[in-house]
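Kindly generate the complete structure, drawing on both the sequences and the hints.
2 protein chains.
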Amino acid sequence: MEENGKQLDPVGADAELSFSEEDGTHKLMVKTTAAVHKRNFGLEVRGMLDIESLLNGAVILLDPQLTRDHCWQSSPEGLVDALLDSMLTNETVTKPEVKSLLFSDDENTCISQTIQGRVEGDGGGTTADPSWLCIFADVPTLKQRMIGIVRLPVETNLGEDAQEVRFLILALCPTNEKASKSALETAKTFSTIFSDMQLRHSLLESEDELTFKGYIRKAALEFSEFQDKKHAKLVGEKEKSDLRFIQIGRGIKQDLARRIPYYFSDYKDGIIGPKSFQKTISTSFFLYFSILLPAIAFGNLQDGNTDSRINVAKVLIGQVFGGLVFSLFAGQPLVVVMTTAPLVLFTKIILNVANDIEVSFLPFYGMVGLFNSIFLIIYAFCNLSILMKFSSRSTEEIFSNFISIALTVDAIKHLAASFNQHYSNEVCDAERGIYHPVDHSHENISDVTSPLAFNRTKRAADLGEVDCSPEVSLLYLLLMLGTVWFGLTLFNFIKTPYLSHRKRELLSDYALPVAVVVFSVIGSVAFRAVKQTPFSYNTEQFVVKPVQFSELTAGSVCLAAVLGFSLSLLFFMDQNISAAMVNSPENRLVKGNAYHWDLVVVAIINAILSVFGLPFMHAVLPHSPLHVRCLADVETRVEGGYAKDVVTHVRETRLTNIFSNVAIGISLLFLQYVLRYVPKAVLDGLFLYMAVTALYGNQMFERVSLLFTEQAAYPPHHYVKRVPQRKIHMFTTCQLIQLAVLCVFGFIPWAYTKMIFPVVILIFLPVRHLLIPRIIEKKYLDAIDPTSN
Amino acid sequence: MEENGKQLDPVGADAELSFSEEDGTHKLMVKTTAAVHKRNFGLEVRGMLDIESLLNGAVILLDPQLTRDHCWQSSPEGLVDALLDSMLTNETVTKPEVKSLLFSDDENTCISQTIQGRVEGDGGGTTADPSWLCIFADVPTLKQRMIGIVRLPVETNLGEDAQEVRFLILALCPTNEKASKSALETAKTFSTIFSDMQLRHSLLESEDELTFKGYIRKAALEFSEFQDKKHAKLVGEKEKSDLRFIQIGRGIKQDLARRIPYYFSDYKDGIIGPKSFQKTISTSFFLYFSILLPAIAFGNLQDGNTDSRINVAKVLIGQVFGGLVFSLFAGQPLVVVMTTAPLVLFTKIILNVANDIEVSFLPFYGMVGLFNSIFLIIYAFCNLSILMKFSSRSTEEIFSNFISIALTVDAIKHLAASFNQHYSNEVCDAERGIYHPVDHSHENISDVTSPLAFNRTKRAADLGEVDCSPEVSLLYLLLMLGTVWFGLTLFNFIKTPYLSHRKRELLSDYALPVAVVVFSVIGSVAFRAVKQTPFSYNTEQFVVKPVQFSELTAGSVCLAAVLGFSLSLLFFMDQNISAAMVNSPENRLVKGNAYHWDLVVVAIINAILSVFGLPFMHAVLPHSPLHVRCLADVETRVEGGYAKDVVTHVRETRLTNIFSNVAIGISLLFLQYVLRYVPKAVLDGLFLYMAVTALYGNQMFERVSLLFTEQAAYPPHHYVKRVPQRKIHMFTTCQLIQLAVLCVFGFIPWAYTKMIFPVVILIFLPVRHLLIPRIIEKKYLDAIDPTSN
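Chains as they are written, first to last, in my numbering: chain A, 21 to 809; chain B, 21 to 809.
Don't read these hints as lab results, they were simulated from the structure. Careful: at least some of the hints might be erroneous.
If chains are identical, the list can't say which one is meant, so a pair holds when it fits in one copy or spans any two.
As the list claims (entries may be wrong) - Using 30 Å as the maximum straight-line C-alpha spacing, the simulated BS3-like pairs for lysine-lysine come out as follows: (1) K515 / K198; (2) K747 / K233; (3) K551 / K368; (4) K368 / K799; (5) K515 / K741; (6) K611 / K288.
Since the model is a prediction, treat every value here as computed from it, not as a measurement.
Have a look at this one:
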């Protein structure tokens, strides 16, 4: 229907045009001047690629004797004409078309877009370099990029600011090219080269085209090597570290020395200061919902996996205890601790092993937890956290995507279970078998309302046995998809222009709770006639008592040590990665980090949880960095056309974590009345929501999607500029293979293979540092996947 | 998770920065020059609003005696300093911050963004006006827009191109303002004023600030009046028309004279020419699907409304007949004819009236159709189509939104009917009533598989009676929402950067058929165990025979004449609007239009359809303009940052319409085997899809959404620039009221009120031309809702 608008709009552009043509005055000229960095030939692969691909085909006019038609004395138009005559031989686009883009006025005197160098001006500052000029344009119907260069026999006045030009460079690019091949970027490459005074001197003296191009090529190579060295020096400086492994306990001591002086201010900063108390309260609410909902969902999952030996109530009690201890005693209180998807996965592994060696689950689980804590404390005392500098984004992202897959698999498994129980099973088959023979019989309808007809349905649903009530499964599907759809829609609402920015942000922050509440109401109220599996929130198990370690055999303790070691690797990596993202320099935290001490606090918390058979917990993504974001003052800065939020100040406080965990504790009192209205399907929708939102801002996923993206639409990320496309895709493929390996170990049905999956993640570090550099050059790897922390 | 990227990227900007600072050379300057139109004070309300709101608070410095700190002799910086000292008194933003935005280099010598006028140059062309300069910047933390003006005592050199400056204008705007209040737009307003040489002369002579501002205000007023007159003249010229109503048959004669010479070429152009045959084939496919699917859906709707007296088979037979006749004999063969939603609605009205006066439906329906044709032929001979110049976009859009609402209401009614039949009814209540008492009994499961249990379900579903099988309704909901979601996702896929442009376009063009096929398969194959209402495609009614007019009474014939008149208004407007959109000037059709003759062809087609009791048909939106688009060669042009597709050539052929209707005829042979796999829920999804896609590009819907949109995100449409916001919203409200009135007449249960709903639409024309101009000034109305056709 878009035609609609155009047809009925005769007053628009035409009227305006004819008006300004007639009234004798002219148009206005808007001039924009911006500084851009020279191309960094060392870091950005695009530089050399441009030179290699464009220089050979470039049109070079050395000291042209222009004809009368091309009278370059008066305007740049003549030079452009001369260049275009040679450049457009194989193109369908016409000279006037290109010129209408190169010039902004009808008389072709005013050049639309130029790049010039800057030189020292007379009065101190800098002024435009009048000796060369690069003009460029994106041409829609051009087939390929092209470069033309004119060397002028004498200094020539090509307009304001360019009165002594000896070199004119013309860059034309098709509009549909990817951003790094745009006319501006191409012009940047050649302008960087031409800004070198020595090169210009050589070029002035070169006799023929071959020498001319040779000089340019040589200059580009020199640029690239010079800058490479520079870069190496810069990176080298960051390598120094003041901690060694053998300095036992040194890291913990440093952490405590750093943080204890701030302990009182950790409370004060949450209350005093502009908007601080307000931010503390709103962040506490945010944390409350973003911890509580996944905790319930994970609890429900654990309940199913462990035959209720770990259930929702236990998860919440563990959360309140661990959360409060951590927020009171941790070095970095902005980190958020809770139970996570990998821990749920690992708990299931522990259960499988326990069943296999026929020991009681909870004592075995507790023993694994105790070994885990012991290993963690050893790591902390040996300052092992400094190893994290070898961790790179790629490894994190493989792991994060694995978790997304695991959550999705769980949700689909539950859905399939529902369909097996209520839809495609022998009961339904039997019904359908009987169904057909009596196809055309018309019994009295009152017959079928006898009790006999419904006992079946009822009994089966109560006992979790099979029955034939397809509406239950269909509602499961509907609620699950509905929750994830609605949650994501609200989450992405911030990108729309509706309402005010503040309200959009609010909707986006509370997308998950709103979606859960809305679809719980739809499921439990609107469709209350459909009998769904009730939420099992067993209040009887509220009593928490220590597990009986005496039930364990010596052999099982040894196996627990192995599992504990594996688990400790998972803890070590997750805890440190989350903490590193909180302590990221761009968050501008001032009170310092406490990697080593926090590992000790987590170890102690988990030791106590283990003894009471409560679920494990550690620092969690993305809650921890989001928590920092919520407490921050942010300033929007526009850089190169892209708006970017910059953190200016963060309220580093313990209060938010304390408040939210206290609130969760209070919720325990009434949750049993609320939770019965939350259908399990909604919790599966919540898992899918978590799986999908984890992909946002995930660079690995972004690169996978690049495989299906049109080249012209590649985003202007720095790695796209710096790394050849083939290498980017190669690296993505390597990551996909690693992900596949991780999935094999994570989903294999054999518990003993599964239990080493944290080791597999650890192995990815040497793979990244020793194996992959053999396929992809280190300088590209540094751009795609930097490791220095 | 976005933090992820930033944290691990230490090699990026910093390294680049330190590199270029150290190596002795400077940055590059990119300069962009663009011509912009002067602000049209007559049409764009923004001009006067800017002057009124900003001039009073403007800082005016007349011939300042600058101190040593502000040494304006050497650079613009001093002048900017002097202005900012007075301007920023109430602002929190600091001078250095603003200056960093105004200048693009660190030494504050190079101004980032300027506007200048153009004057006749020495050598013919134009050159920058060196006597005044406007500089502007968007400042993120500014509170309000502000203007500062310096009049210099002597001509001053403020850099290249501005060497004799007497006036410097400084415009600062907050970044968060809406587009029409941006710094550029504000600067444009003042630059337009200052480009007037006479004003500058007056300003040079004014003694104090008050006179100075007075001159500016006066100049703005003059601009506005001068341009208003201009505009009135332009519009006036378009009013002349060479046809009068009394010239009976003149329009038809002109049409035929215009089109007959092209008749042979209408076939040739579809085959000969570059890419023509290929385009003809692909367009025929596109038409085939976009006619067939709605035809089936409307047929299904008619079937339900008329107790199968008009059904899918009849709709398709009518379509093939009417489509072929139209494509062979019409004057403008690019118009697509088919049955539409308003016709379905009107058919239902006819049925209600027929039932009410107790005459047989089909003869009465046929008689209404015959009267309709008679009226249409009268309109055609009286050249009534020239009346369409009073039709405006707003009226069309009210009607289009009414149809969207009607389609949605239909879909929801069907869904509700399904829930009433299968979910919430006495049978289910009875079941649930019995359900509870036997809550804890555990009968043997084999008992319940007895035939008795299922007879109920089966019988009810077959007879369309109530039963209790909630899964059917849930699946209905799932398939309906799934179809519309998937269809819209595919339709919008063209906006993503994935795959190639061609493939995205293909997916978008075939979104509806793909969605229908996918969800038909899901419904009929994946959920085949759920018994859904079968598609009623009655092949026995394939025999088409004339209706028995003899059954009608004299009174009923009179009533049929009234209904026929009402229907003819609907035909007249829909046919002409669709044809006008095909003949829109921007489609660059060369063979001319044929409004009057086409009305005759449609009248004849419908007369024949009426006699055989087949459904009516006329030109249809959005198929008709889309059809033109498919046959066009398109060129992408970038104007002011917005890419725009411009049609360069259209293959004006009859072949596409012929091919697609022949294909539909062939489909009749096998559709009965395919259609049984299309669940009715999918067809309702198709209605919703049509309702939603009709909103895209709908200006009324756009303006309604503006009510909820943040001001800063208002689109840069010309009406937003030209009309004060309050007036825009007022006009939107008027439209919403009209829509509500139309809904009352369209949905009222009383058939005799309903039947005048085409008259209501006709009444909207005088409302638009006589009533609304009393609330909203004509010049604003012309911008929001132009009428000249």
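(message) Check the structure against each numbered hint from earlier and tell me which ones fail, lowest number first.
(response) 4
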